[in-house]
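Residue numbers (my numbering), protein chains in the order written: chain A, 4 to 258; chain B, 4 to 82.
These are computed hints drawn from the structure, not numbers from a lab. Keep in mind that the hints are not guaranteed to be accurate.
Claimed, not checked - From the structure, some residues in chain A lie toward chain B, with a derived Cβ separation under 10 angstroms:
no., residue
1, Arg91
2, Ile100
3, Ala115
4, Leu117
5, Gly215
6, Ile246
Stated by the list, open to error - Computed Cβ-Cβ distance ranges for the label pairs, DEER-style:
no., chain 1, residue 1, chain 2, residue 2, range
7, B, Gln51, A, Thr51, 42 to 50 angstroms
8, B, Gln51, A, Ala73, 26 to 34 angstroms
9, A, Asn162, B, Ala35, 27 to 35 angstroms
10, A, Ala59, B, Leu66, 19 to 27 angstroms
11, B, Ile31, A, Ala158, 29 to 37 angstroms
12, A, Met188, B, Val36, 40 to 48 angstroms
13, A, Met188, B, Gln51, 38 to 46 angstroms
14, A, Asp105, B, Ile31, 29 to 37 angstroms
15, A, Val69, B, Ile31, 14 to 22 angstroms
16, A, Gly234, B, Val36, 17 to 25 angstroms
17, B, Ala45, A, Leu61, 45 to 53 angstroms
Where is the CB? At the ideal position from N, CA and C, for every residue including glycine.
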Amino acid sequence: MNLGALAVAALPAFIASAVEFVEATTIVLAVGVTRGWRAPLYGTIAATITLAIIIATLGVTIVTVVPEHALKAFVGALLLLFGLRWLRKAILRFAGIVALHDEERVYLKEVAELRARGETRTGFDRVGFIVAYKAVLLEGTEVAFIVIAFGAGGAAALNAAVVGAIAAGLFVIALGAALRTPLTMVPENWMKFGVGAILSAFGVFWFAEGLGAAWPGDALSILVILAIFLGASRLAVRMLRSIVPDGAEVAARSV
Amino acid sequence: MSSGTLRGIWDAVWGLLVEDGSLAVGIIAALAVTWLAAVVLADPQRDQVGWLLLAILIVLVVLNVRAAGHSARRAIAKG
Numbered sequence: 004m005n006l007g008a009l010a011v012a013a014l015p016a017f018i019a020s021a022v023e024f025v026e027a028t029t030i031v032l033a034v035g036v037t038r039g040w041r042a043p044l045y046g047t048i049a050a051t052i053t054l055a056i057i058i059a060t061l062g063v064t065i066v067t068v069v070p071e072h073a074l075k076a077f078v079g080a081l082l083l084l085f086g087l088r089w090l091r092k093a094i095l096r097f098a099g100i101v102a103l104h105d106e107e108r109v110y111l112k113e114v115a116e117l118r119a120r121g122e123t124r125t126g127f128d129r130v131g132f133i134v135a136y137k138a139v140l141l142e143g144t145e146v147a148f149i150v151i152a153f154g155a156g157g158a159a160a161l162n163a164a165v166v167g168a169i170a171a172g173l174f175v176i177a178l179g180a181a182l183r184t185p186l187t188m189v190p191e192n193w194m195k196f197g198v199g200a201i202l203s204a205f206g207v208f209w210f211a212e213g214l215g216a217a218w219p220g221d222a223l224s225i226l227v228i229l230a231i232f233l234g235a236s237r238l239a240v241r242m243l244r245s246i247v248p249d250g251a252e253v254a255a256r257s258v
Numbered sequence: 004m005s006s007g008t009l010r011g012i013w014d015a016v017w018g019l020l021v022e023d024g025s026l027a028v029g030i031i032a033a034l035a036v037t038w039l040a041a042v043v044l045a046d047p048q049r050d051q052v053g054w055l056l057l058a059i060l061i062v063l064v065v066l067n068v069r070a071a072g073h074s075a076r077r078a079i080a081k082g
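Extracted from the complex, chain A is given alone in its bound form (with noise of 0.2 angstroms):
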């Protein structure tokens, strides 16, 4: 695969990665302008290292011990949990019920819990060190599903997907490194709305696949599958207007 192809097919795990990425960094940014550099840099480096460790044992484990269309029923499952989460939760924030995800919101909000338990002035800040670790290990499984998502088709989709996701960890840590700000300028509920719809589109398309069964026009099927996925949650979004014309912004885990 020459670079252009690489790029043009890595791009949508760039695009699905950078999402996760600003949100990890907006907490690491807020635990190291409270309390201090070196407690969130080891705590992301160790869920680095602890991510590293559990994708090389489950994921090398699972691709060897598992049968071909077993795998991909067992990926295309766990991706389907997964996106449509995602997908749930963007279709409730689009409506009004939940509110928009907002880095700065975020940001102030994990700042002022960061001050209340208050700085540690002498030897490692371990409550520093588990906000990092515990933001990094979170964003970066899901950045796993991703790679796991544009990746199941091969090993050229899979070098892709992490190509995609490693230029995405660079470029959003290089931005938030520079501005030492949340990075607010990123669309992300758009993009969420967006990942959460291809994820979902793979995952269906990888559970029928894994059961035997074969899509008209193969890989190309995906495409139609995401259009009814995302018309379906345009409707389902205005569906919901009319029953809260307001909105409501109600906790997230309440409804």
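Put chain B on the given structure of chain A with help from the hints.
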């Protein structure tokens, strides 16, 4: 690392897949129905199980968010 921290990490990772319990259960049921259809159906019909899964999931998500909408409306009415 304390057990509370490990519990927090586990809850966060679990929440990645199962934020809304009814949706997660519904997805698993949809996957089971699709698997059964693929086992029962013969070859030309088996290729349609993907569309069946898609249809079930669309209905599931729409019903789920509709329930969330009604729940939000009740919460507003209560004040």
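Quiz item: Which hint numbers does the structure go against, in order from smallest to largest?
Solution: Those not satisfied are hints 3, 4, 8, 10, 17.
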